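Asks: Throw the hints in and build the complete structure from the sequences for me.
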Amino acid sequence: MFTLRQYLLTLSDSRGLTRTLGEVELCLDERGRPRYSVGNSAVVFRIRRNGCIRSLRCYLRKMRHLREIYGDKLLEKELFLYTSSETGVWVDAVLGDWIEGVTLHEAAAEAALARDTAKLRSLAESFDALAAGMIADDCAHGDLKPANIIVGRDRKLHPIDFDATFLPAFAGETSPELGTAAYQHPARTAADFNERLDDYPAALISTGLHALAEDPTFWDRYGTTDGLLFSPREIPGDPAYREALALFERRGRAVQYRVAQLLCAPSLQLFGLAELLREAVRQAGEQQPATDKSTPELFVENGRWGYRTPQRIVIPPLYDSGFDFTEGLAAVLLGGTWHYIDTTGRTCLSFPECEAVKPFRNGRAQVVRNGCRIGIDRAGNERPVAENEFAI
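Just so you know, the sequence shown maps onto residues 1 to 392 in the numbering used here.
Don't read these hints as lab results, they were simulated from the structure.
As the structure is a computational prediction, the values presented were derived from the model and not from experiment.
Cβ atoms here follow ideal geometry from the backbone N, Cα and C, with glycine treated the same way.
There could be a bad hint or two in this list.
To be verified - Cβ pair distances, simulated, as ranges: (1) Arg369 - Thr217: 25 to 31 Å; (2) Leu9 - Ile99: 25 to 31 Å; (3) Glu68 - Ala118: 25 to 31 Å; (4) Gln311 - Glu353: 35 to 41 Å; (5) Ile99 - Arg369: 47 to 53 Å; (6) Asp154 - Arg31: 26 to 32 Å; (7) Glu177 - Asp154: 25 to 31 Å; (8) Glu177 - Pro34: 23 to 29 Å.
What the hints assert, rightly or not - Quick list of in silico lysine to aspartate or glutamate cross-link-like pairs, EDC-like style, CA-CA up to 20 Å: (9) Lys119 - Glu100; (10) Lys293 - Asp320; (11) Lys62 - Asp92.
Replies: Quick look at the structure:
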């Protein structure tokens, strides 16, 4: 075991105490204190070397597989740490790029307090794109959380701290750590060490960010938890989780609703998450109607309804029920709420607390609320229904 004090002693005057780095300079903050962050297994210093700002990751305890994880960034036996006034030991360090920015947790908190829904939606969409790539490969970060993601000045998300990474070469081993409990599946143990470790935290973070994008006041009510709004061990009874799920249902956020539902899964592997994240990325991009000449038609898969043409699936099976497209809109049921979507899957109209709906005909449709029939137009304007105008 090594201490922060030992590293500060070495790096404050590194002459003769580095093997290949030469002399390094600790960067100081506005109060003249060294800039660093301390984690569970390491401390990361902001240093200046050869005129360039870099990060130097120094370990507080022995870690395994650093060469496989960090490659040439690992500097073996690089720093000399004094263990007494006359003796010491050479220890490993990892030299990397310093990413200027704030953590995803800090960025989300700042945007929520400022009620900046546009920034929150951008953060949520950027995270979905990052997570979609991470979930699709055969590796895992192992400690995925907003504090381990930097929102850079380039507005891109940069994962950091890969000490708990799973690589295919590590198959059959136990996990070196269990990640941060506030983002991990409650059933995770050291025996769980595979490429699916990031499934649960990815779904949890995505759900939290999208909930904030829909309603930033979530932060006022639930932002003091250790995690991002939710307590994994309390799901599905967690109040923040139940409120977010209801919000997604009410606003027709079908992908986010289904991702959130996966957080109730009994296992770490969340089946269907990769497909949902890909759909989230698609929906966040340019939303254009399908180029296929044919109108998308209903299909059912695993008890849920989606839309496809002979060429491809246009909208994956996300809904509990639905009607065919008429006049460019289709009525779909998400949970207990009816919505009308366009051919890109975008929710155009929502009708909470309605018992039934009818498709559009001649620019008009009908919904039933509290047993009463109500006519609607494509803008969602309501009007009374004449006695013989519709029939359900």
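Asks: All the hints need checking, so say for each whether the structure fits it.
Replies: Right, here's what the structure says about each hint:
1. Arg369 - Thr217: 25 to 31 Å: Since Arg369 and Thr217 have Cβ atoms about 27 Å apart, the given range 25 to 31 Å holds.
2. Leu9 - Ile99: 25 to 31 Å: holds (27 Å)
3. Glu68 - Ala118: 25 to 31 Å: violated (41 Å)
4. Gln311 - Glu353: 35 to 41 Å: holds (37 Å)
5. Ile99 - Arg369: 47 to 53 Å: Holds, since Ile99 and Arg369 (Cβ atoms, about 51 Å apart) stay within the stated range.
6. Asp154 - Arg31: 26 to 32 Å: At roughly 28 Å between Cβ atoms, Arg31 and Asp154 fall inside 26 to 32 Å, so the hint holds.
7. Glu177 - Asp154: 25 to 31 Å: holds (30 Å)
8. Glu177 - Pro34: 23 to 29 Å: holds (26 Å)
9. Lys119 - Glu100: holds (18 Å)
10. Lys293 - Asp320: Violated. Lys293 to Asp320 sits at ~26 Å, over the 20 Å cutoff.
11. Lys62 - Asp92: holds (9 Å)
When the structure is compared with the earlier hints, violations turn up for hints 3, 10 and for no others.
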